[in-house]
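K.L.:
Read off the chains here:
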Amino acid sequence: MTDASLDPTDVTGDAQFGDYFALLKPRVMTLVVFTALVGLLAAPVAIHPFVAFCAILFIAVGGGASGALNMWWDADIDAVMRRTAKRPIPAGRVSGSEALGLGMALSGFSVVFLGLATNWLAAGLLAFTIFFYVVIYTMWLKRWTPQNIVIGGAAGAFPPMIGWAAATGSVSVEAVLMFSLTFLWTPPHFWALALFMRKDYDNAGVPMLTVTHGRRATRNQIFVYTLILAALALATGFTSAGGPLYLTVAIVLNAMFVKGAWEIWMRDELLAETDNFAVEKSFFKLSLLYLFLHFGALLAEATIERAGILWGAA
Amino acid sequence: MSIRTTHEIHTRRFGRNLGLGLTLAGFIAVIFGLTVVKVQGLEYRQPAAGTVTVTDTEADS
Chain L
1 MTDASLDPTD VTGDAQFGDY FALLKPRVMT LVVFTALVGL LAAPVAIHPF VAFCAILFIA
61 VGGGASGALN MWWDADIDAV MRRTAKRPIP AGRVSGSEAL GLGMALSGFS VVFLGLATNW
121 LAAGLLAFTI FFYVVIYTMW LKRWTPQNIV IGGAAGAFPP MIGWAAATGS VSVEAVLMFS
181 LTFLWTPPHF WALALFMRKD YDNAGVPMLT VTHGRRATRN QIFVYTLILA ALALATGFTS
241 AGGPLYLTVA IVLNAMFVKG AWEIWMRDEL LAETDNFAVE KSFFKLSLLY LFLHFGALLA
301 EATIERAGIL WGAA
Chain E
1 MSIRTTHEIH TRRFGRNLGL GLTLAGFIAV IFGLTVVKVQ GLEYRQPAAG TVTVTDTEAD
61 S
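Chains as they are written, first to last, in our numbering: chain L, 1 to 314; chain E, 1 to 61.
This is chain L alone, in the form it adopts within the complex (with noise of 0.2 angstroms):
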């Protein structure tokens, strides 16, 4: 490399806060931040609203932080990809350097900041998770074996733990449950938007299982692993965690979403191109919704008793 080289994650532009605020993966945060909240606050301890709202805070900046590292790492895949190409870095808003530093700081700082608000149980597993999604997911994984999904998919799982963590102290088998939710749904999920992204992974050379078992092999995994989600969904419906209600919404859930994997296992390219993709983009969306609905009603749930616990002290 020359001088003269024009190297995506070395440019500097003038960066806005928005970019910086990009870095942190806001949509992915959404998600880290219900299902850790729901962690929390399903667990059979009480905790100060305030230390609550500091936990999600610092648990929502982990894993921004983990986001940004994420983003100086692949920037050279994500120039190539169209869905990522705007980011801040390839874009050149941002320097590499920038991500890195700002990345490695909020680390540090949420799992120094969790640990001193709640305990030191769920400031470890916060660091772990970082190191599990830019360590062995990024720097690793994904570049290595089309297994990227489902063993990253750990890294985005541990929310709900480490507010289950935050406000007990421990891990329990509602914890797990929780993040075996997360870690099947993970798959099917990641796996429906490669088929609609179509030669976005491939571009990028990530060894995605469209890109190294075809996707024909890619419908029959989403199948499989759906069917294997349901069982456990269905499943946590019978433990401690679950109830009448989040049994309701999981049999309802589950039907619809073993349909569209169904309908996905069915189907072949051509079909699939026909429509542009409409049933892959619908189970993707579905998807979305799936585990939305699952944690709230493990929230309901967990509301539900409670409430009958302070109504017959009362």
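These aren't lab readings, by the way, just hints derived from the structure by calculation.
All figures in this text were calculated on a predicted structure; none of them were measured in a lab.
Beta carbons: idealized from backbone N, C-alpha and C, even for Gly.
A couple of the hints might just be wrong.
Simulated restraints, written as ranges between beta carbons of each label pair [what the hints assert, rightly or not]:
id: 1; chain 1: E; residue 1: PHE14; chain 2: L; residue 2: ASN220; range: 46 to 56 angstroms
id: 2; chain 1: L; residue 1: LEU245; chain 2: E; residue 2: ILE28; range: 40 to 50 angstroms
id: 3; chain 1: L; residue 1: VAL252; chain 2: E; residue 2: PHE27; range: 40 to 50 angstroms
id: 4; chain 1: E; residue 1: ARG16; chain 2: L; residue 2: GLY108; range: 15 to 25 angstroms
Dock chain E against chain L, hints included.
P.N.:
Structure of chain E alone, referenced to chain L:
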């Protein structure tokens, strides 16, 4: 030539500086609030019988 107090670059960076300022103010508010909550949450503990306190020591002298 008159001295321009506000250069064009200052205008462009105003949004960034404002955002950073508000973030720092928010950070201070969070730490202050957390400190108040943590201090209020500390349980007041009576010294056990026979424990020598600073007040006792001062009274003996």
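K.L.:
Measuring from beta carbon to beta carbon, are E:ARG16 and L:GLY108 in 15 to 25 angstroms?
P.N.:
At roughly 22 angstroms between Cβ atoms, L:GLY108 and E:ARG16 fall inside 15 to 25 angstroms, so the hint holds.
K.L.:
Per the hint of 40 to 50 angstroms, is the separation of the Cβ atoms of L:VAL252 and E:PHE27 within bounds?
P.N.:
Distance hint for L:VAL252, E:PHE27 holds at roughly 43 angstroms.
K.L.:
Do the beta carbons of L:LEU245 and E:ILE28 sit within 40 to 50 angstroms of each other?
P.N.:
Given about 41 angstroms between the Cβ atoms, the range holds.
K.L.:
Between E:PHE14 and L:ASN220, does the beta-carbon spacing fit 46 to 56 angstroms?
P.N.:
Hint holds: Cβ distance 54 angstroms, inside 46 to 56 angstroms.
Violated hints: none; the structure is consistent with every hint.
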